[in-house]
Amino acid sequence: MRNNQGNSIGISTLESVPSKKFTAKKLRLFAKPYLYLLPTFLLLWIWMYYPLFSTFSLAFQKWGMVPGTVPSPVGFENFVRLLTSKDFGVSILNTVFYTVGIIPFSIIIPLILAVATHNMEGKMKNVYRTMFFIPLILAPVSDGAIWRWMFHPTNGLVNTVLLDLGIINTNIAFFSDPLFAKWLILFITGWKMMGFGTILFSAALTGISKDYYEAISLDGASRFQQFKDLTLPLLSPMILLILMMSLLFSSQWTFAYIDMLTRGGPFGTSTNIYYEMYKYGFANMDVGLSAAAALMFFVVFGIIAFVFNLFSKKYAFYDN
Amino acid sequence: MKHKRFTFVTVFQHFIMIVFSLLAMFPLYWMIISSFKNESEIFTSSLIPMVPTFQNYIYAFQEMPILRMMLNSFVVAILLTALQLVTSILTSYALVRWQVKGATIIYTILSLSWLIPMQVIMIPNYVLINQLGLNETLIGIVIPLSVSTFAILSLYQSFRSFPQALIESARLDGEKDFFILVKIILPNIKSTVASLGILLFISGWNEYLWPMLITTEMENSPIQIGLRSFVNSDVNMWGSLMAATTISCLPILLIYFLLRKHIIESFVRYGIK
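So the sequence lines, in the order shown, correspond to chains Z and E. Going by UniProt numbering, the first residue of the first sequence is number 1, and it counts up by one from there. Going by UniProt numbering, the first residue of the second sequence is number 1, and it counts up by one from there.
Please note that a few of the clues may not be correct.
[Claimed, not checked] Dumping the calculated DSS-like pairs for lysine-lysine here, alpha-carbon to alpha-carbon at most 30 angstroms: (1) E:Lys176 / Z:Lys313; (2) E:Lys101 / E:Lys183; (3) E:Lys261 / Z:Lys25; (4) Z:Lys210 / E:Lys101; (5) E:Lys261 / Z:Lys32; (6) Z:Lys125 / E:Lys176; (7) E:Lys101 / Z:Lys25; (8) Z:Lys26 / E:Lys261.
Hints in this document: simulated from the structure, not taken from any laboratory.
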């Protein structure tokens, strides 16, 4: 128990250590940290990095995922097909649409909700926050099923109510109407994510000292000025963090709803880049096309993440 | 005068909050009451079931192996939580305890993998799982997701803020490194690990794309995937579907109401992917 005391911190021990044993020990000491890292990096290699490189190489091959067949090289054909396909262009535009469209739900509304609940006295503050949060923790499938039921083309609540109120004359098939489909996907994703920003902003607000507000209100600053000159700057690291998460992950957040509610339709009007990858791969069995889309978007998203990282390092101040 | 303006603002604030709370909660409410409506009521817009019935639940259990799927979900979520915690604890510990060579590379590899979406790697992983014969199994769902770089990056922060002096003094006492981790560090950051665990459980329970690729039979699927195929089968049994959806939400809602503070804290601390 005691004999590794000496060499681990470099204090000489009473018993002298034979040099051969010492090297073995040294090796063991050198290897030890890597043994702790081994499970993670082994799993990461097998299930993330190796498949990532496989995907990159599949992007230059043609394959239908049929057992017993092997992929055959096709050069840049997949990229050409991808860039000339109309669906792909639409899916990119929609990806941008969802990414930008989520920002009001992940930042602006949460900011309002957090600031408004922040100064509330008593229990209501937590009651509200508890409620905003519930859509977030429920499974996308459950949320999707509920919304699909509410917007059901013939029997859904929304149609029934709109008909009863005389706003519409005939039922609307919301999810198969190009006018509504992608806005509804955005709305439902936003509805789910609303509580996330709210909770983060609330936490950040709790961390701001009340003294600041007292000082600035002594200077005669109005509520709006206080918000603009004090709250917003102090929340800026959090705003940047949520903005980054929204940019990076919004396409994944919408995925389940696209799959549950519209399957990318009608006529590909509500699809996004990740859903197209899924469709190319598992509906059309066109592995090369899926991989080419993956490669392109991995590069683009990588660049965005990198730039954003630089940006937030430069402008935001994190104090942990 | 000032007091009056204040109350107006307060009333307005509460009004806004109530509107948003209703927006957040109404779909959930509609799910629950739909699940108790009988056949003649299900297509009406009445806000309470006039003649509440359990029929939908009975149908749901007849149509779907709900208990089996719930069990699958629990197994998947618990295994994922355990594996992700183990891998992330070991990794964070190694990075904090030793000055490893190549720490920058290690950190870069971890951060980059945080950015790899499942959609980019799903095809090779799917092929590999098939080759291993693990499709339609829970292990096939769990194994590829058993490292969460998100969890590692989050936990690393907590490990770093652990007082080095405590680790140092344990080392001087000649304690084994694994002992230091298990007996000294972990008991002290129990609550951190627990709150991360809750978060991992929730995301494991809610996992979507990967389980959907791996399992097609309801008996082998987590409840989410079973629900998905039930929705897509286009049977017009919305009462039963809402009953099944309600059941699928119960564990998460229960955990949420029991551990609300911890859950919110863990979201605040760790964010989301």
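Verification of the hints:
no. : hint                : result
1   : E:Lys176 / Z:Lys313 : violated, 38 angstroms
2   : E:Lys101 / E:Lys183 : holds, 26 angstroms
3   : E:Lys261 / Z:Lys25  : violated, 47 angstroms
4   : Z:Lys210 / E:Lys101 : violated, 45 angstroms
5   : E:Lys261 / Z:Lys32  : violated, 38 angstroms
6   : Z:Lys125 / E:Lys176 : violated, 48 angstroms
7   : E:Lys101 / Z:Lys25  : holds, 18 angstroms
8   : Z:Lys26 / E:Lys261  : violated, 46 angstroms
In summary, the numbered hints that this structure violates are 1, 3, 4, 5, 6, 8.
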